[in-house]
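Chemist: Sequence:
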Amino acid sequence: MTSWPDEVRGVPNITLRSALFGSSRSASNAFLQRAEIYTQRPTQMRYTGPRLDQGDLDVWITLLHIARQKQMGTSFKTSAYELLKLQGKTDAGSNRKTLYKRLFRLAAGKLEISAKCHSYTGGLIDSIHRNDQEQKLVITLNLELSNLFGPNDFTHIDWSVRRALNSIPLAQWLHGYFSTHAEPYPVSIGTLMMMASSINSSASSREQNLRRALDALKDASSLHGQTFSYEISSGNVYVTKTPTSSQARHIARKASGFESKK
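Numbers 1207 to 1468, taken from my numbering, label the letters of the sequence shown in order.
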């Protein structure tokens, strides 16, 4: 699997451009049965298992980060201490309890993904074994997950910005979504909130919550030396952001006409 620096986290675009890891805490106890997950087209996704949220995504991202220098599909050892430390959490009893709950939620889920270039059917975690004597966790991720890490299929998430948004799940989801786009195109409020699995009773409350989350993302980005600005006009959201280094190269190639000659 492709590696990346410690200050970022590699995440498949498919998972960041969908409602798989939603922003609603209230729905976390729901169980889905081959439910169609709202995604950015043309990707199609179905999911069976506990409804997942941004806290679950933090744990899965951390597993991918540890596994990035190992052979996908083979077991690797970690510990509750390491997983919590990488998430910026203390090794307290309550945090361990939540971590184990999220690990087993991730292991219980099954995905069916149909995308333009590839498909995937399987789990987010293949297996978990707790060795209490060694205080280790032995975890296996599906070999086929590596197909979701093609050159243009995953994004480097700035971990410092995401951690700064820890208490604002919708802002975390928006950070992930807009990080996948080198030059974000306008997207409607309704589409964004559906993909974020953020359900509000009225259009006005949706926009209000969205603005609060975007403001938080703007502040967190600025705090870490990144540009993020937005405008909402006629029901659409327009975003300007700092691209990642690979995205900047992509933009430069487009500007030079390289892409059109391929």
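Read the hints as simulated data drawn from the structure, not as lab findings.
Don't take each hint at face value.
Per label pair, the in silico range of CB-to-CB distance [what the hints assert, rightly or not]:
no., residue 1, residue 2, range
1, K1283, P1392, 26 to 32 Å
2, H1335, P1248, 34 to 40 Å
3, S1435, L1349, 22 to 28 Å
The calculated lysine-lysine pairs, modelled on PhoX-like cross-linking and capped at a C-alpha distance of 25 Å, are [claimed, not checked]:
no., residue 1, residue 2
4, K1342, K1303
5, K1322, K1291
6, K1276, K1291
7, K1295, K1283
8, K1460, K1322
9, K1342, K1276
10, K1291, K1303
11, K1322, K1283
12, K1424, K1342
13, K1295, K1322
14, K1295, K1424
15, K1276, K1316
16, K1322, K1303
17, K1291, K1307
18, K1342, K1291
19, K1283, K1303
20, K1322, K1342
21, K1303, K1316
Here the structure is a predicted model, which means the values were calculated and not measured.
By construction, the Cβ of each residue, glycine as well, lies at the ideal position given by its N, Cα and C atoms.
Chemist: Now, for every hint given, state plainly whether the structure supports it.
Modeler: We went through each hint and held it up to the structure:
Separation of K1283 from P1392 is about 46 Å and departs from the stated range, judged on CB atoms against 26 to 32 Å. Distance hint check: the CB atoms of H1335 and P1248 are about 37 Å apart, consistent with the given range 34 to 40 Å. Between S1435 and L1349 the C-beta distance comes to about 41 Å, which lies outside the given range of 22 to 28 Å. Our distance criterion of 25 Å between C-alpha atoms is met by K1342 and K1303, whose separation comes to about 15 Å.
Between the alpha carbons of K1322 and K1291 the distance comes to roughly 36 Å, so the proposed pair goes past 25 Å and is violated. Annotation: proposed proximity of K1276 to K1291 holds, straight-line Cα distance about 20 Å (limit 25 Å). Proposed proximity of K1295 and K1283 is supported: the alpha carbons are some 19 Å apart, at most 25 Å. For the proposed pair K1460 and K1322, the alpha carbon gap of about 21 Å is at most 25 Å, so the pair holds.
Distance hint between K1342 and K1276 is fulfilled; the C-alpha atoms sit about 17 Å from each other, no more than 25 Å. Proposed proximity of K1291 and K1303 is supported: the alpha carbons are some 15 Å apart, at most 25 Å. For the given pair, K1322 sits about 34 Å from K1283 by alpha-carbon distance, which is inconsistent with the 25 Å threshold. At most 25 Å may separate the alpha-carbon atoms for a hinted pair to count; K1424 and K1342 exceed this at roughly 38 Å.
Among the hinted pairs, K1295 with K1322 is inconsistent with the structure: their alpha-carbon atoms are about 37 Å apart, more than 25 Å. Simply put, K1295 and K1424 have alpha-carbon atoms about 24 Å apart, close enough for the 25 Å limit, and the pair holds. Restraint check for K1276 and K1316: satisfied, since their Cα atoms lie roughly 23 Å apart, inside the 25 Å limit. Distance check on the hinted pair: K1322 and K1303 sit about 39 Å apart at the alpha-carbon level, beyond 25 Å; violated.
For the proposed pair K1291 and K1307, the alpha carbon gap of about 17 Å is at most 25 Å, so the pair holds. Using a Cα cut-off of 25 Å, the hinted pair K1342 and K1291 holds, with the two alpha carbons roughly 14 Å apart. At roughly 19 Å between alpha-carbon atoms, K1283 and K1303 fall within 25 Å of each other, so this suggested pair holds. Simply put, K1322 and K1342 have alpha-carbon atoms about 38 Å apart, too far for the 25 Å limit, and the pair is violated.
A hinted pair counts as satisfied when its Cα atoms are at most 25 Å apart, and K1303 with K1316 qualifies at roughly 23 Å.
Hints 1, 3, 5, 11, 12, 13, 16, 20, counting from the list given before, are not met by this structure.
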